[in-house]
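Using the sequences plus the hints, can you model the full thing?
Protein chains in written order, with this note's numbering: chain A, 15 to 251; chain B, 1147 to 1725; chain C, 39 to 308.
It is possible that some hints are incorrect.
To be verified - Dumping the calculated EDC-like pairs for lysine to aspartate or glutamate here, alpha-carbon to alpha-carbon at most 16 angstroms:
hint	chain 1	residue 1	chain 2	residue 2
1	A	Lys21	C	Glu249
2	C	Lys295	C	Glu283
3	B	Lys1620	C	Glu138
4	C	Lys149	C	Asp236
5	B	Lys1620	C	Asp111
6	B	Lys1534	C	Glu114
7	C	Lys155	B	Glu1722
None of these hints come from the bench; they were simulated from the model. All figures in this text were calculated on a predicted structure; none of them were measured in a lab.
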Amino acid sequence: MHTHIVKSYEAELTVLDRKLGQMGGMAEQLLGEAFAALEQRNPERAKAVVAQDKVIDQLQRELEEQVIVMIARRQPLANDLRQLMAVLKVASDLERIGDLAKNIGKRAEAISGENHPKQLMTGLRHMVDLTARSLKDVLDAFSQRDADKALKVWRGDEQIDALYNSLFRELLTYMMEDPRNIGLCTHLLFGAKNIERIGDHTTNIAETVHFLALGYPITDERPKGDNTSSTMVHKSS
Amino acid sequence: MTDNSIDPTGVLPRRIDVRSPASSARLRARYRADTRFRWYGVAALAIATSFLAVLIADIFAKGLPAFWQHSLRLDVPLSAGIIDPEGKRDRTMLLGADYMGMAKSALAGAVPGIEGRAAKKQLNEILSTGAGDELRNAVVSNPALIGQTVSTKLLLSDTADLYLKGEGTRISQTAGTRGIATPSGTSGEITVLTSANDFSEALQAVKKDLQSKATALVAEADRLERLKSSEAAERIGVLRAEAKELQVRVDNPNSDESLDPNIPSRLVAINGGLVKVTKLSNSGITGGVILPLASASDAQPGTWQVQTYETPESNRNVKDAVVAYLERFRIQGQIEKGFNWLFFTAGDSREPELAGVRGAIVGSVLTLLVTLGACLPIGVLAAIYLEKFAPKNRLTDFIEININNLAAVPSIVFGLLGLAIFLNFFGLPRSAPLVGGLVLALLVLPTIIITARAALKSVPPSIEEAALGVGASKQQAIFHHVLPLAMPGIMTGSIIGMAHALGETAPLLMIGMVAFIVDVPQSITESATALPVQIYLWSDLPEPAFQAKTAAAIIVLLAVLFIMNGTAIWLRKKFEKRW
Amino acid sequence: MDMSISSGLRAIKEASVWAPTKISARGVNVHYGTKQALMDVNVDIPDRSVMAFIGPSGCGKSTFLRCLNRMNDTIESCRVSGSITIDGQDIYGPDIDPVELRSRVGMVFQKPNPFPKSIFENVAYGPRIHALAANKTELEGIVEESLKKAGLWGEVKDRLNESGTSLSGGQQQRLCIARSIAIDPEIILMDEPCSALDPIATARIEELMDELRRNYTIVIVTHSMQQAARVSQRTAFFHLGSLVEEGETTAIFTNPKDQRTQDYITGRFG
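And the structure:
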């Protein structure tokens, strides 16, 4: 691909990509930090997560502003236009991811005094690892404009949904076993839901990357693995 | 935005139905109008072209023969005793010798037996008065020729030349003669009798001529009678008497006739000589010998002829004798036709065969040089000032309008102005190219100013702005950039102006450049004439040969104009910049 | 991480970098005869940046541009009042010679107008009349440097003796830029420099302007507000002979303060 005749335009586009990459990295990091705070019941770490989210929000505002200025000044077309729109969408997905991570952090702070069973944590960590890897992959796909990789991430969301399903049942079981667990488990359930939502945003990003790279949206039917909305207690027990 | 009447789909029915008969009729009418207009253009062009073609064809038909000249080749003995009796080979002596005399005696030697002053004079008439010039030039450039006999081309006179170019008479000859002809002598007034009635055809032809003449006289008398004019009555009587007399001669078919110059001449070629018939009967003639007969012995049938010079002698410039001499030389192969270089190397002359346009061309060139030198700098500078520097106010408007008016002033007015100012006030020499040039400069100046302004205006202002933009002063911008770009246009305008000046006659008449000047002018203060004035002068002269010279000079003028305009076009094409 | 973000921000927000004022106009009025073409224009143009003038046809933006190098002096009926200073010096003052001023303030015109001479002569003309070169070698040096700065050297170095008019439109315009750079001006005025060019040639000129603003103050008049948005750091909007709004280009094009500016740039009038 040729570079733009106007070098500053090219530079601005590069900066935009790099900045989005940094934002993605921060979101990824934030997810890990939030889960660590939850796992270690460390309120200090949890507070740091809440604070860090502000930086992501700030970055998203900046990116938005820059995209607007660039649309106004550069009149982008074709892949340039797709890139700017993609940055805008991905930035808002990442901002949501940041918010969800922050929410996990807040919950970590709330349940930091309580004891929680190890096996619950294992399922959750598994989910976080999977989501974090998806996020990393999709960000790589973005920077490389790799539609195949994005498609792979997009398909991988099913796994996260499946994990969430099993975790959901597990938490329900715990709550039924001992009502004292309900408080903790509800927080954990919301945490798991947040992670599942992060997975959904990752999928959105994957769709955006596909459109950015190829110019048309993904036409396949997305595999849906999250059936918790139809899961009932009596049925599962 | 507020207009709700527009159909939201934006589809409106077309107001014009292109398939309706009215519409297609309109379309056809439009094409017809187109075609018609094209034909008007073609017709206009055709008419203009045919006018031009007629003009050019006429001028060329008249003028082209003048570019050729006949001369007579004769062996001329260059007698040392006549040319240089002292033997010093002195140049003045050589130049002053009587070459014409030598040419004349050589001519007399070529046609022996011519006797009598009148006959000798007629013989000499075939030579130009400048016939000796060729000899003089040959001798002066090579004195070693003295004492030898040199074969030289002697220039023929204008009448002889015109005759040879076909402007004399047609000569017809009887097919064969049936009787034996007996001449009574070899020279002087002789009779020729024939054993058969060999002259009856000629006699009948003469009677027929007389008949037609009589008829013409009667017709004229009838015409006058119809006018019922009292003064014409006497004239009518004379005409009728003449007609009657002629009729009597016609009615008597075998009576003798005497010939006069008003009817075609008859001649008898016999025994190597030529007899001009004065009296004619069926069996014999009486006449004067033009070319002497070899002997007075009988001529056998077929060896002698009766010739007719069909144009009556009174209707042509060449006399019968001259025709006879020229015909003899022609048969002997002594007449040569060559390009008329003299026309380009000689000045004006009273003798058509010696007159040339060189003096006029040089005069025109000198005049145009003065014109160019005077009006180009003034015109261009005036144009630059008016176009680029002059403030736009009433005064400059006034000047502009008057320059345009000046271009429309009749040229004769400029002549009067030149007469009053240059000749009477400044006392400059009359008839000189200096004054002519200045007067023509006045004439051409408005043209040059106008074309130079147009040329300056046609240079895009962006060029001047560009120069100003890099910090050039206005004067630098104009002289470095605008003027060089306008120069082809200015040169074109100047050349066309010069061409205009070249063809201008009237103002030159006013300042005296209309004089008869033989010498080629050497400087701008000498008397001179110009090409168009030369044409004007020649066109006025009575000699038929000058009519041809006039047309030839017009051809020269047209050629010069053509070259000048061609140069203008070439300059424009070559240096024209596109941007 | 924070550092690289802020460097990216700098690249984008360069427009807001403060620069000293190069040209300052105060209360400028221009009359053509009895018609007033400019009314009380006040504007400061920062040094080493691109300033764009936009506005509908006949709004006075070109007139104002031509005031900056006194090109209006060549129009007889034109009168300029008010003050325009360059580096604090009044260019309409009595000690300023317009011809000298124009060697400090170069100009590039709407239609590429190279002299119908060779490429070399086009660039060499300015240095020659200002005696900037002592000998031919120096002159050749100036020509080469100017053509390099104008990004044209590579394309024309083997045919310097060919006519300037034989180049393409975009090349001609860059030649005109090289010609104005050759006299080492401080300011380059551009009067709709790309209006006769195709988009790629336009992009090249725009890139060139981006390069040149490191060394020169550039003022550009353009009909294309997109171009103003692309190339300039500051933009001024003229309407009916008045300067309506002036400010940072990003602000003018994303959030103009005056309703007329908003309506013009969004295609609602003008």
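- Message: I'd like to know which numbered hints this structure contradicts. Please list them from smallest to largest.
- Response: As far as the earlier hints go, not one is violated by this structure.
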